[in-house]
Amino acid sequence: MRYSEQWDSFLDSIDPEGTAGRRRKRISDDDAPRHHSKAWRVVGIIAAVIVAIVALLAVCANFITEVMWYSQAGYASVIWTQLGIKVGLWIAYAVVAFAVTLLAAWRAIAVRPDGPDGKHYSTGDDGVLEQEGGISTRSAKRTAVIVAAVVAVSVGSRFFSQWSEILLLFHCQSFGTRDPQFGIDSGFYVFALPGLRLLASAFVALVLLGLVVSVGMHITVGGIRFTMPTHGRGVFDVTAKARRQIGIWVILCGVALAFNQALAGFSHFTDSGSRTDGASYTAVHATIPMDFVMAALLLAGGIVLGVWVMTSKAFRGGTVYTSAGEALRSWRMPIVVVAVLVVIAFVGGAAYPAVLSRFRVSPNAQELESPYIQRNIDATRYAYGLENIEVSDYDASTQAKTGALSQDAETTAQIRLLDPQVVSPTFKQLQQSKQYYTFADSLSVDKYTINGKSQDTVIAARELNLDGNDNRNWVNDHTVYTHGYGVVAAYGNKITSDGQPSFFESNIPTTGALTTQESYEPRIYFSPNAPDYSIVGSDSGNSWEFDYPSGSSGVTTTFQGNGGPKVSNPLTKLLYSIRFNTDQIFFSDRVNSASQILYYRDPSQRVRKVAPYLTLDGRVYPAVVDGRVKWIVDAYTTSDAYPYSQSVDLADITKDSVTEDSSTVKSLQSETVNYMRNSVKAVVDAYDGHVDLYAWDPDDPVLKAWEGIFPGQYKSISDISGDLMSHLRYPEGMFKVQRSLLAKYHVTDASEFFSGEDFWQTPTDPTETDAQKAEGVLQPPYYLTLQTEGMSEPTFSLTSTYIPAGTSTREILTGFLSVDSDAGDQTGTVGSRYGTLRLLELPKNSNVPGPGQAQNNFNANADVSKELNLLQQGDTVVDRGNLLTLPIGGGLVYVQPVYVKSNGTTSYPLLKKVLVAFGDQVGFADTLDAALDQV
1328 MRYSEQWDSF
1338 LDSIDPEGTA
1348 GRRRKRISDD
1358 DAPRHHSKAW
1368 RVVGIIAAVI
1378 VAIVALLAVC
1388 ANFITEVMWY
1398 SQAGYASVIW
1408 TQLGIKVGLW
1418 IAYAVVAFAV
1428 TLLAAWRAIA
1438 VRPDGPDGKH
1448 YSTGDDGVLE
1458 QEGGISTRSA
1468 KRTAVIVAAV
1478 VAVSVGSRFF
1488 SQWSEILLLF
1498 HCQSFGTRDP
1508 QFGIDSGFYV
1518 FALPGLRLLA
1528 SAFVALVLLG
1538 LVVSVGMHIT
1548 VGGIRFTMPT
1558 HGRGVFDVTA
1568 KARRQIGIWV
1578 ILCGVALAFN
1588 QALAGFSHFT
1598 DSGSRTDGAS
1608 YTAVHATIPM
1618 DFVMAALLLA
1628 GGIVLGVWVM
1638 TSKAFRGGTV
1648 YTSAGEALRS
1658 WRMPIVVVAV
1668 LVVIAFVGGA
1678 AYPAVLSRFR
1688 VSPNAQELES
1698 PYIQRNIDAT
1708 RYAYGLENIE
1718 VSDYDASTQA
1728 KTGALSQDAE
1738 TTAQIRLLDP
1748 QVVSPTFKQL
1758 QQSKQYYTFA
1768 DSLSVDKYTI
1778 NGKSQDTVIA
1788 ARELNLDGND
1798 NRNWVNDHTV
1808 YTHGYGVVAA
1818 YGNKITSDGQ
1828 PSFFESNIPT
1838 TGALTTQESY
1848 EPRIYFSPNA
1858 PDYSIVGSDS
1868 GNSWEFDYPS
1878 GSSGVTTTFQ
1888 GNGGPKVSNP
1898 LTKLLYSIRF
1908 NTDQIFFSDR
1918 VNSASQILYY
1928 RDPSQRVRKV
1938 APYLTLDGRV
1948 YPAVVDGRVK
1958 WIVDAYTTSD
1968 AYPYSQSVDL
1978 ADITKDSVTE
1988 DSSTVKSLQS
1998 ETVNYMRNSV
2008 KAVVDAYDGH
2018 VDLYAWDPDD
2028 PVLKAWEGIF
2038 PGQYKSISDI
2048 SGDLMSHLRY
2058 PEGMFKVQRS
2068 LLAKYHVTDA
2078 SEFFSGEDFW
2088 QTPTDPTETD
2098 AQKAEGVLQP
2108 PYYLTLQTEG
2118 MSEPTFSLTS
2128 TYIPAGTSTR
2138 EILTGFLSVD
2148 SDAGDQTGTV
2158 GSRYGTLRLL
2168 ELPKNSNVPG
2178 PGQAQNNFNA
2188 NADVSKELNL
2198 LQQGDTVVDR
2208 GNLLTLPIGG
2218 GLVYVQPVYV
2228 KSNGTTSYPL
2238 LKKVLVAFGD
2248 QVGFADTLDA
2258 ALDQV
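One rule links them: number in the working numbering = place in the sequence shown (from 1) + 1327.
Keep in mind that the hints are not guaranteed to be accurate.
As the list claims (entries may be wrong) - DSSO-like mimics (lysine-lysine), calculated; alpha carbons at most 27 Å apart, straight line:
(1) Lys2100 with Lys2171
(2) Lys2193 with Lys2239
(3) Lys2100 with Lys1982
(4) Lys1936 with Lys2031
(5) Lys1936 with Lys1900
(6) Lys1893 with Lys1982
(7) Lys2239 with Lys1821
(8) Lys1936 with Lys1982
(9) Lys1728 with Lys2171
(10) Lys1640 with Lys1728
(11) Lys1761 with Lys2228
(12) Lys2193 with Lys2100
(13) Lys1413 with Lys2031
(14) Lys1468 with Lys1568
(15) Lys2171 with Lys2071
(16) Lys1821 with Lys1780
(17) Lys1936 with Lys2042
(18) Lys2193 with Lys1821
(19) Lys2228 with Lys2239
(20) Lys2100 with Lys1936
(21) Lys2071 with Lys2100
(22) Lys1982 with Lys1993
(23) Lys1893 with Lys1936
(24) Lys1993 with Lys2071
(25) Lys1993 with Lys2100
Stated by the list, open to error - Label pairs and their calculated CB-CB ranges:
(26) Asn1889 with Asp2085: 52 to 58 Å
(27) Leu1898 with Thr1470: 43 to 49 Å
(28) Phe1914 with Val1423: 46 to 52 Å
(29) Val1634 with Leu1535: 17 to 23 Å
(30) Ser1599 with Pro2025: 31 to 37 Å
(31) Ile1473 with Asp1967: 39 to 45 Å
(32) Arg1465 with Val1423: 23 to 29 Å
(33) Asp2085 with Ala1666: 49 to 55 Å
The hints are simulated quantities; they were obtained by calculation from the structure and are not laboratory data.
Beta carbons are placed, not taken as given, at the ideal position from N, Cα and C, and that holds for glycine.
Using the sequences and the hints given, assemble the complete structure.
What follows is the structure, given as structure tokens:
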């Protein structure tokens, strides 16, 4: 008995109750830490659960709110289809990889030469049977499962980022055109071949994986043993069953590599060449045949090597070689097979094409390459919609009869004097109203029917600009200042007496020709400059959203549409607080049961979210349609696999002075394509953000494929109202791609194309600075109403010009390109001439000045210089407007507005003069008519 226990006994004898109390206290003291520890453990578990839930919400908040956004927008199928496809492909490939890995490992384990306990036996040099250790079958199988799982997870993502190629493979469409070499429909190359090559490469990876796992597991379980190369014995000792399995994997590798190589033979129709893309003479007569030869050799080589592995005595450890030569001869077969494949691959795949190109093709390039250049010409013109261009010879005069230009200008053109690039500051100064509004720095050109007459129009939406608000805080930024207000529109060819735009829609509240429509809705909640998010709606009847300035306090409103997900309960508040990294959403009383949160407010961004496979135009423009402000976004379907067509980079080919100077107009995204169609017109409602997608080119095979993948996304042309139809126009991005290609591909004869003698180029913008001109910043295309050869009446068109190609050339005009951009105004019917490309070709001996030369003529004219110097005296600055080119009076007329502004911070340009050039003659006057009469 311990001392403490003896002491307690003694105390019990003299004071039983006191001792018992002390004992109970000691027991209680001993249990207290234990109960205290349990309490802290419970608290820790609760805290860990809370942290886990918060972490899970943080991880999932973005995804859950994405699902909410897609569901509210009516495109829930898009996110679920993408997620299902991506995850499904990942899982499918992971399952196959797991199965292949496990099959290879377990088959090796099943034929192991040892006992299930991992023991195997061998005979030593003294003839005694020696027991050696090894891995057990159970451990080997467990290891195989773990390895297979790790491999499956790591390789399963192979298709995650390339999901579209797999989907298009199973939604292949016919183009109705065939490649000129094999006669296969072009749809095979655009839709099937990329997916097949992806699957082929995956097949190669799988069988190589199976081979490696099989060999590794056979080594692990003793099916393959390494011996010391002594006494003339072999290095390997491989069981017959192991050799059989490895041989089968080798044969499968040969099949996979052969299939992959055969598909490579079809991929040369998009090869890049020095002159044109597509399979050249060398590719057709050397490279492609050798791809199929190599495919056959790889198949045969795989079979031969597989059979050799199964039967060769080189893998029998007991084999005794009498000499090193005999040992080497046992490996002769694989050495010969590999050597033959390497030599033929080098000779046939590299040396022979190089020799053929150098000594056969180069000396006879024009004759031999012409058929393949012609293939490229035909394919390129089809792939970019250039095959039906209307070409006219235009023998332009440089001398006009008195009064002829003015007369023709009235009947054949509506010459736009307002430059949308210059007058944005004027719109801001005259119509911005408050600092929390703004206009785009590059305005849009459209057409409206005013008093029964179609008028070229410069139009802009009055967007919200939070940066201009002096009182920035969360409440104001996200619940008060939520929207812009109305559009401002001015006549393109009219100005006021003091040089200001002549507005036919203006002011706040809006007044003018467009507000006469019934139920006109001027509020703009969705626009390129809208805030990242706003919370709108009220369940109390109170309105706190600032609508427009009026008096000292302004008018307020409450959003009444369905523009964003509901934020009506604590969970959704928490999710959006996490998403936007703010606690204000969760605690603000203005976030109530009627609240909606508006985000993804840029029209291009909304279209990109619901149709991620489309390429969007760089300009989004507003239009008043059926009483609503709509944002119109042109979208393109593209491919980089159309056989023989010329590839271009969309970002490079669509850059010009507008995209370089503007923050709101961009070039197309960087993407290499060789097929392009303006297949989709997207319309985004500026009030509630609703996105409508219209199948503008329903016969486009690429669009058909995507419609099969995302069914029900598109409305038909028959659903387009007449009012909306009147504002759909030919897109700038498509036109810039076409004009760039036509600079060469207006030449349709292969021999002339080979010489390059008649190639053109788009001129640099003569109104830019010398530094930008030195960088080759191109002149943008221009919208205006005009009439050219072959047209019965003036039509709203998009125009551009050409000059001879080269770096040191005389800048004379060689061609004038226009496209009919008027889609008509009939419900569900596109104008018959919409999209018609017209090319006026000037004679090769033409002396009509190009845009740069016309600008030089303006600058060098003594009278013009004198008056411009007078205009620039004091604190004023002269801005040159866009230099328009118009086919008038039997020649080509250049018209340039001249703006004057002061140097002050609140200055804005006013149109004061008009420059006109016809040939070498220059007119400079206060009005267009006067300038035309001077010329």
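So, going through the hints one by one against the coordinates:
{"no.": "1", "hint": "Lys2100 with Lys2171", "in the structure": "25 Å, holds"}
{"no.": "2", "hint": "Lys2193 with Lys2239", "in the structure": "15 Å, holds"}
{"no.": "3", "hint": "Lys2100 with Lys1982", "in the structure": "13 Å, holds"}
{"no.": "4", "hint": "Lys1936 with Lys2031", "in the structure": "19 Å, holds"}
{"no.": "5", "hint": "Lys1936 with Lys1900", "in the structure": "23 Å, holds"}
{"no.": "6", "hint": "Lys1893 with Lys1982", "in the structure": "41 Å, violated"}
{"no.": "7", "hint": "Lys2239 with Lys1821", "in the structure": "12 Å, holds"}
{"no.": "8", "hint": "Lys1936 with Lys1982", "in the structure": "24 Å, holds"}
{"no.": "9", "hint": "Lys1728 with Lys2171", "in the structure": "24 Å, holds"}
{"no.": "10", "hint": "Lys1640 with Lys1728", "in the structure": "99 Å, violated"}
{"no.": "11", "hint": "Lys1761 with Lys2228", "in the structure": "21 Å, holds"}
{"no.": "12", "hint": "Lys2193 with Lys2100", "in the structure": "25 Å, holds"}
{"no.": "13", "hint": "Lys1413 with Lys2031", "in the structure": "21 Å, holds"}
{"no.": "14", "hint": "Lys1468 with Lys1568", "in the structure": "18 Å, holds"}
{"no.": "15", "hint": "Lys2171 with Lys2071", "in the structure": "15 Å, holds"}
{"no.": "16", "hint": "Lys1821 with Lys1780", "in the structure": "14 Å, holds"}
{"no.": "17", "hint": "Lys1936 with Lys2042", "in the structure": "17 Å, holds"}
{"no.": "18", "hint": "Lys2193 with Lys1821", "in the structure": "26 Å, holds"}
{"no.": "19", "hint": "Lys2228 with Lys2239", "in the structure": "10 Å, holds"}
{"no.": "20", "hint": "Lys2100 with Lys1936", "in the structure": "37 Å, violated"}
{"no.": "21", "hint": "Lys2071 with Lys2100", "in the structure": "22 Å, holds"}
{"no.": "22", "hint": "Lys1982 with Lys1993", "in the structure": "8 Å, holds"}
{"no.": "23", "hint": "Lys1893 with Lys1936", "in the structure": "19 Å, holds"}
{"no.": "24", "hint": "Lys1993 with Lys2071", "in the structure": "25 Å, holds"}
{"no.": "25", "hint": "Lys1993 with Lys2100", "in the structure": "19 Å, holds"}
{"no.": "26", "hint": "Asn1889 with Asp2085: 52 to 58 Å", "in the structure": "57 Å, holds"}
{"no.": "27", "hint": "Leu1898 with Thr1470: 43 to 49 Å", "in the structure": "45 Å, holds"}
{"no.": "28", "hint": "Phe1914 with Val1423: 46 to 52 Å", "in the structure": "50 Å, holds"}
{"no.": "29", "hint": "Val1634 with Leu1535: 17 to 23 Å", "in the structure": "19 Å, holds"}
{"no.": "30", "hint": "Ser1599 with Pro2025: 31 to 37 Å", "in the structure": "32 Å, holds"}
{"no.": "31", "hint": "Ile1473 with Asp1967: 39 to 45 Å", "in the structure": "41 Å, holds"}
{"no.": "32", "hint": "Arg1465 with Val1423: 23 to 29 Å", "in the structure": "26 Å, holds"}
{"no.": "33", "hint": "Asp2085 with Ala1666: 49 to 55 Å", "in the structure": "52 Å, holds"}
The structure fails hints 6, 10, 20 (numbered hints given earlier, in ascending order).
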